[in-house]
Amino acid sequence: NLTTNKTDKEKRQIVHKYLSLNDYPRSLINRCLNRKNNPNPQNRPNHPNSEEPQTYRSIPYIPTLTPRIAKLLQQDYPNIVVASRSTHTVNNLYTRIKDPIPMLNRHNVIYCIKCDQCECRYIGMTSNLLKNRLSGHRSDVNKLDQLIQSGHTYTDVEVQAHKEKTALVSHCIDTGHRFDTTQAKILDQSFKRSSLPLLEMIWIHNTADTVNKRTDTDGLNSTYAGILHVLHKHKTKTKPQKHTTQSQLNQST
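Numbering (UniProt numbering), first residue to last: 1 to 253.
Derived by calculation from the structure, the hints in this document are not laboratory data.
From a predicted model like this one, the values you see are computed outputs, not experimental measurements.
Treat the hints with caution; some may be incorrect.
Said to hold, decoys possible - In silico lysine to aspartate or glutamate, EDC-like type, Cα no more than 20 Å apart, as pairs:
1) 114 with 180
2) 163 with 99
3) 213 with 119
4) 131 with 180
5) 6 with 23
6) 185 with 209
7) 71 with 119
8) 165 with 216
9) 185 with 99
Using the sequences and the accompanying hints, generate a full structural model.
Listed below in structure tokens is the structure:
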């Protein structure tokens, strides 16, 4: 336990706040907090006299990470039997009958755009259609080009103020480089709009040479550092996943 002058109620509120920000289910947060404050020792999962039926749960198998989680759960909750399951399901083995949604018509995605002149990347998220977000990026860069063509330099106040748009525009101003939005890739997708900020921070954290600002990952709790390090280490040892770009889709049609 950490030494603090805060009351139990204040500590509970802090724990509830940060777990909620990290997308933990409200029911799970309340259940854990109530168990922590329950004075009845019979309700503690590791009490030798508690006779709880065995519960079986499965979690996706991620090398290195899944065995660690299973071991920790077994130590604290001996009545829970954890089995790992493959992320490659039968559905992945069969060709989809329905036509896939075109990349530009997808929403709730994390996307990446590579710089044309260097190895830097911009990672962003959008709950709208990807084509609309990319159109916004092109509009921002076009406005920048109009300022330059009208006689402004990259150091002028008017141009520097344009840096507040996005980190993508900021990189264009600082280097004179440009991004090709036709080479955009979808890195991730979620059915829950609320999970996009966390997914974006994770991708920025685990991707090298991003132009994103450091403040873009300020909301990522430090407790994720160890897990992200394990995932990043495993990712670098495996063959990188191929992402479909819009230009590749155009060539195949």
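Quick rundown of the hints versus the structure:
For the suggested pair residue 114 and residue 180, the alpha carbons sit about 7 Å apart, so the restraint of at most 20 Å is met. As the CA atoms of residue 163 and residue 99 are separated by approximately 39 Å, the hinted pair breaks the 20 Å bound. Distance restraint check for residue 213 and residue 119: the Cα-Cα separation of roughly 16 Å lies within the 20 Å cut-off, and the hinted pair is therefore satisfied. Of the pairs offered as hints, the one joining residue 131 and residue 180 holds, with about 13 Å between alpha carbons and a cut-off of 20 Å not exceeded.
Under the criterion of a C-alpha separation no larger than 20 Å, the hint pairing residue 6 with residue 23 is inconsistent with the structure, at around 24 Å. Restraint check for residue 185 and residue 209: the C-alpha separation of about 16 Å stays at or below 20 Å, so the hint holds. As the CA atoms of residue 71 and residue 119 are separated by approximately 40 Å, the hinted pair breaks the 20 Å bound. Our distance criterion of 20 Å between C-alpha atoms is met by residue 165 and residue 216, whose separation comes to about 13 Å.
About 19 Å separates the Cα atoms of residue 185 and residue 99, which keeps this hinted pair within 20 Å; it holds.
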